Amino acid sequence: MPRGYTILETVVYIGILAVIAVLALGAILSVYQSFAKTQIERKLALSGDVALETMVKELRAATTTSPAGVFGASPGALQLGPKRFFISGSTLQVKDGAGSLENLTASDVTVSALIFYKTASTNSEIVKIEMALQAGSGIFSKTKNFYGSAVLRGNYK
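In this note's numbering, the protein residues as written are 0 to 156.
Don't read these hints as lab results, they were simulated from the structure. As the structure is a prediction and not an experimental result, all values here were calculated from the model. Take these hints with a grain of salt, some might be off.
[As the list claims (entries may be wrong)] Derived BS3-like pairs: lysine-lysine, alpha-carbon spacing no greater than 30 Å straight-line:
no.	residue 1	residue 2
1	82	143
2	42	56
3	117	82
4	143	127
5	127	94
6	117	36
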């Protein structure tokens, strides 16, 4: 009885191994894509939440907005006393008077839109914020919109 493998058996074994290798590679690439997309979504959510919460907190503590702010257009700017929120390049920044600049978004997150809307009545003033952030590139590119509003401290009832 001959020992060893025939060519047909060898081809079948190689074919089975090739199919297993392709399936394993596909699974690994799928996990990588999911991980990359999750990282980008997390980065966007973190930057957006920090920026929006900072602006809303400052709005709630303010008594009035300054006419130096840019409302209803992108890129908007918000001036609350000595604090100014604005876009520099593609990063949202805040400057407190003559103090240093502070980035509110990560360096690899782009602010693609920032619009402030102001509505005032005899008793109160409200500012609505619309912000769009973008991160990643190619098939991993993601854009997320953030919305917030706050009534300024004042003589509202």
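Here is what the structure says about each hint:
1. 82 x 143: holds, 26 Å
2. 42 x 56: holds, 21 Å
3. 117 x 82: holds, 17 Å
4. 143 x 127: holds, 17 Å
5. 127 x 94: holds, 20 Å
6. 117 x 36: violated, 35 Å
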